[in-house]
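**Q** Please build the complete structure, drawing on both the sequences and the hints.
Under full-length UniProt numbering, the first sequence has 72 at position 72, and the numbering climbs by one with no breaks.
There is no bait here: all hints are sound.
Below, in silico cross-link-like pairs of lysine to aspartate or glutamate (DMTMM-like), each with a Cα-Cα straight-line distance of 20 Å or less:
no. : residue 1 : residue 2
1   : 102       : 60
2   : 102       : 145
3   : 111       : 145
4   : 96        : 41
5   : 16        : 94
Ranges between beta-carbon positions, derived for each pair:
no. : residue 1 : residue 2 : range
6   : 123       : 8         : 22 to 28 Å
7   : 48        : 79        : 19 to 25 Å
8   : 108       : 20        : 28 to 34 Å
9   : 85        : 140       : 39 to 45 Å
10  : 80        : 120       : 24 to 30 Å
11  : 85        : 124       : 35 to 41 Å
12  : 18        : 118       : 27 to 33 Å
13  : 52        : 138       : 17 to 23 Å
14  : 49        : 81        : 24 to 30 Å
15  : 8         : 126       : 18 to 24 Å
16  : 102       : 123       : 23 to 29 Å
17  : 48        : 99        : 17 to 23 Å
Read the hints as simulated data drawn from the structure, not as lab findings. Glycine included, every Cβ here is placed at the ideal spot set by N, Cα and C.
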Amino acid sequence: MKSEPDTFSIDDLKRKKREAWDGVRNYQARNFMRDGMRVGDGVFFYHSNCAEPGIAGLAEVASDAYADPSQFDPKSKYFDSGSSRDNPRWMLVDVKFTRKLKRVITLDELKNHPKLADMALLRKGNRLSVMPVDGKDWQYILTLE
DNA sequence: GCCAACGTTGGC
DNA sequence: GCCAACGTTGGC
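**A** What follows is the structure, given as structure tokens:
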């Protein structure tokens, strides 16, 4: 799961312990949260759009998917007038802090491992903020720490 | 700040 | 259904 550290970093999650992952407004990313995640699943917390893009820490899925409250809030920048409470368009999960990595495993470094070339994160043009990680890639990346 | 690679919108 | 225009993401 990607987040811009200027907005919400791994340190913010550490401090708050748990966070509703709101604001995802891409259908594919939503589907991964709604259909692909189960409570207890591991999450790589990725820092994007910053000086050192890469995996900064580990987190865990802490809830089933539910309607993102911000879509109903006219004052929120994530407000969606086309969504209704009866039939919410946007879903989210809660995420809880596990730990920071000892160091950021950078995007640049991940690109240098041929074994990881097929990761969704590394595929060309991928801008999704939520995407799946294979178990084998998860294990391999943790050995790089 | 630039720009490639998207996704969305809306006219037709 | 097509596609041009537009907006966003995110690395660099």
